[in-house]
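Going down the list, the sequences are from chains X and H.
Residues in the first sequence are numbered from 83 upward in steps of one, following the working numbering.
Residues in the second sequence are numbered from 81 upward in steps of one, following the working numbering.
Check each hint, because a few of them may be wrong.
Said to hold, decoys possible - Using 27 Å as the maximum straight-line C-alpha spacing, the simulated DSSO-like pairs for lysine-lysine come out as follows:
#	chain 1	residue 1	chain 2	residue 2
1	H	K348	H	K303
2	H	K119	H	K165
3	X	K228	H	K149
4	H	K130	H	K303
5	X	K228	X	K185
6	H	K321	X	K203
Derived by calculation from the structure, the hints in this document are not laboratory data.
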Amino acid sequence: MPELLEFEEPVGVLLKEIEALSMLPKTPERERSIESLRRRADEIRGEIYATLTPWQRVLVARHPNRPNTLDYVERLFTNFDELHGDRRFADDHAIVTGIAEYKGQAVAIVGHQKGRDTKQKIFRNFGYARPEGYRKALRVLQFAQKFSRPVVVFIDTPAAYPGMESEERGVAEAIAVNLREMMMIEVPIVVIVCGEGGSGGALGIAIGDRVLMQEFSVYSVIPPEGCAAILWRDANRKVEAADALKITATDMLALGLIDGIIPEPSGGAHNDYDAATALVDQALSQALADMAPLTGEERLEARYMKFRRMGEEGTAFTDTAAAPEA
Amino acid sequence: MAWFKKVRKPIESPSDKPSRVPEGLWVKCPSCAEILYNKDLVASLNVCTKCAHHFRVGATERLRMLFDKAWEEYDEGLQSTDPLKFIDTKPYRKRLDASIAATGLNDAVICATGHINGIETSVASMEYGFIGGSMGVVVGEKITRAIERAIDRRLPVVIVSSSGGARMMEGALSLMQMAKISAALARLDRAKLPYISVLTDPTTGGVTASFAMLGDVIIAEPKALIGFAGPRVIEQTIRQKLPEGFQRSEFLLERGMIDLIVDRREMKDAVARVLRFGTPAREARAAAVAAASIAAAAALPVSVAELAPPKP
Ligand SMILES: [Zn+2]
Chain X
83 MPELLEFEEP
93 VGVLLKEIEA
103 LSMLPKTPER
113 ERSIESLRRR
123 ADEIRGEIYA
133 TLTPWQRVLV
143 ARHPNRPNTL
153 DYVERLFTNF
163 DELHGDRRFA
173 DDHAIVTGIA
183 EYKGQAVAIV
193 GHQKGRDTKQ
203 KIFRNFGYAR
213 PEGYRKALRV
223 LQFAQKFSRP
233 VVVFIDTPAA
243 YPGMESEERG
253 VAEAIAVNLR
263 EMMMIEVPIV
273 VIVCGEGGSG
283 GALGIAIGDR
293 VLMQEFSVYS
303 VIPPEGCAAI
313 LWRDANRKVE
323 AADALKITAT
333 DMLALGLIDG
343 IIPEPSGGAH
353 NDYDAATALV
363 DQALSQALAD
373 MAPLTGEERL
383 EARYMKFRRM
393 GEEGTAFTDT
403 AAAPEA
Chain H
81 MAWFKKVRKP
91 IESPSDKPSR
101 VPEGLWVKCP
111 SCAEILYNKD
121 LVASLNVCTK
131 CAHHFRVGAT
141 ERLRMLFDKA
151 WEEYDEGLQS
161 TDPLKFIDTK
171 PYRKRLDASI
181 AATGLNDAVI
191 CATGHINGIE
201 TSVASMEYGF
211 IGGSMGVVVG
221 EKITRAIERA
231 IDRRLPVVIV
241 SSSGGARMME
251 GALSLMQMAK
261 ISAALARLDR
271 AKLPYISVLT
281 DPTTGGVTAS
291 FAMLGDVIIA
301 EPKALIGFAG
311 PRVIEQTIRQ
321 KLPEGFQRSE
331 FLLERGMIDL
341 IVDRREMKDA
351 VARVLRFGTP
361 AREARAAAVA
371 AASIAAAAAL
381 PVSVAELAPP
391 KP
């Protein structure tokens with residue numbers, strides 16, 4: 083049975099019934115019951131996912147079976163070669179970079195990688211990147227720029243790694259430099275938030291011409307638990323914090339902070355990798371096609387203006403006397 | 081990973097900051113316990129005359145220390161509209177109003193142009209007393225405009241940071257201000273205009289991970305806390321105490337992350353020297369001429385509030 087989230091309990095009950103029936107000798111009648119239970123489970127799952135709360139979306143975004151960067155790389159690209167290391171200190175396993183082909187076109191790939199089983203999670207540092215990861219990413223971005231290859235970025239991290247060595251080696255500087263330099267990389271950059279968009283750790287590789295979020299991914303300035311601990315002084319108020327922070331794809335689009343939402347199959351991407359991949363594929367090829375006719379200069383101008391406008395609507399002059407001329 | 085255990089409180093009312101100079105005639109230095117006469121302390125730019133402990137200073141005081149004389153302020157009327165209608169234990173709107181009342185500012189930064197040893201400069205000065213100096217849409221917009229103004233008028237930029245990072249109550253809008261300001265700095269960089277980042281206690285989170293670490297030259301005040309993650313978050317991650325001095329200016333200098341540590345009393349001259357290095361001879365001459373003409377008009381009282389703000 084697949085790993086179920088707490089709010090998927092009604093589906094779990096049906097799946098258990100199906101499991102029990104499957105263990106009995108097959109009869110046409112039982113086959114029919116199983117089939118109808120399956121349909122019912124899909125239906126209920128669809129209903130649940132149609133009305134997920136922001137906190138529930140956090141749980142989906144963090145689902146251990148949610149397809150990750152390498153899952154998409156395997157399904158969307160051919161001839162992938164992973165490129166390692168920042169040429170300064172180490173190879174960060176929490177950010178994967180490489181070159182590949184997308185529908186016959188050479189592209190560079192950058193993405194966070196969390197790891198699925200315990201061993202992988204430790205190897206990937208749970209997707210918490212250190213400075214080396216950001217520096218490796220920039221190196222590959224500049225490599226792509228040199229040969230006019232588009233870049234596809236996958237975002238899925240809880241945060242940049244908050245440990246001593248991160249500070250010692252300048253994680254803040256590494257992120258800051260990426261923010262500045264990614265604004266000047268002339269090749270098309272498509273960013274896909276496929277899981278957790280965790281604060282500066284996400285943003286440090288998330289500057290692009292098209293920033294898209296998968297339907298059940300989240301993007302936040304701080305994890306809801308952290309926000310609840312600070313503002314409510316109680317990490318258990320994470321549900322309210324998740325609500326207040328406006329972290330869902332719909333919220334992010336409404337705030338003008340992303341360019342589009344990639345739908346997911348009913349029950350979330352982890353429920354059907356192939357369907358999820360097909361939807362990402364469609365959005366990615368559209369985004370790359372949209373950008374192809376632009377010159378590098380036009381892309382940079384549009385990218386600048388996109389980020390330049392972010393938050394403008396959240397500010398207002400207190401009095402008209404102080405307002406600038408239009 | 082330990083994020084949720086975070087208990088640091090970035091939201092302090094301006095009155096409960098230990099390092100700030102309190103009202104009254106006498107002040108006890110929190111570092112050396114010396115009893116200091118308030119007037120002497122102010123005269124030494126809020127640096128302890130005995131042990132050189134740097135008390136925190138506000139955004140306006142900071143501008144007074146940097147500029148030769150009066151400055152022109154921009155976008156001072158810009159206020160947050162509370163875009164998320166954020167409510168935690170109390171409405172964000174109430175926190176904003178309280179900070180506005182306490183500081184007399186509309187948000188956590190003052191942006192101005194003025195002269196630093198004769199060199200006209202676009203300066204942004206952050207106010208820690210305004211919701212922990214946190215960066216939301218107003219800070220992002222004002223600093224971005226200050227940088228764009230510098231590009232338009234070919235001025236150098238100085239940003240004095242003092243901030244706990246991005247402002248949670250404006251959610252991802254705050255996060256994106258990191259990108260927005262860095263984008264403007266990319267253009268400033270390509271326009272070959274100097275940017276000096278001055279780091280003061282404390283500079284952490286999204287401010288450090290964007291404009292604070294992007295200076296052509298980065299100058300810190302002594303013993304300032306400078307980092308990405310807060311010390312408590314790190315301690316909870318690694319489950320041990322951090323060594324003495326970790327994330328302090330001296331530590332960052334040793335690790336190669338900043339250029340200089342400068343005593344506040346020397347700061348203006350140090351900033352001016354870097355500005356001169358970053359100002360081509362032709363522009364420096366123009367600055368000298370401008371400085372002379374301003375000196376001639378020095379008698380003219382400049383009311384900051386009455387000056388018409390320029391185009392954004
Ligand atoms: Zn002292």
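Structure-based check of each hint:
1. For a cut-off of 27 Å, the pair hint linking H/K348 to H/K303 stands: about 18 Å separates their Cα positions.
2. Using a Cα cut-off of 27 Å, the hinted pair H/K119 and H/K165 is violated, with the two alpha carbons roughly 43 Å apart.
3. Simply put, X/K228 and H/K149 have alpha-carbon atoms about 48 Å apart, too far for the 27 Å limit, and the pair is violated.
4. The straight-line distance between the Cα atoms of H/K130 and H/K303 is roughly 16 Å, inside the 27 Å bound, and the hint therefore holds.
5. Between X/K228 and X/K185 the alpha-carbon distance is near 21 Å, which keeps this suggested pair within the 27 Å criterion.
6. Pair hint H/K321 plus X/K203 holds up; C-alpha atoms about 25 Å apart against a cutoff of 27 Å.
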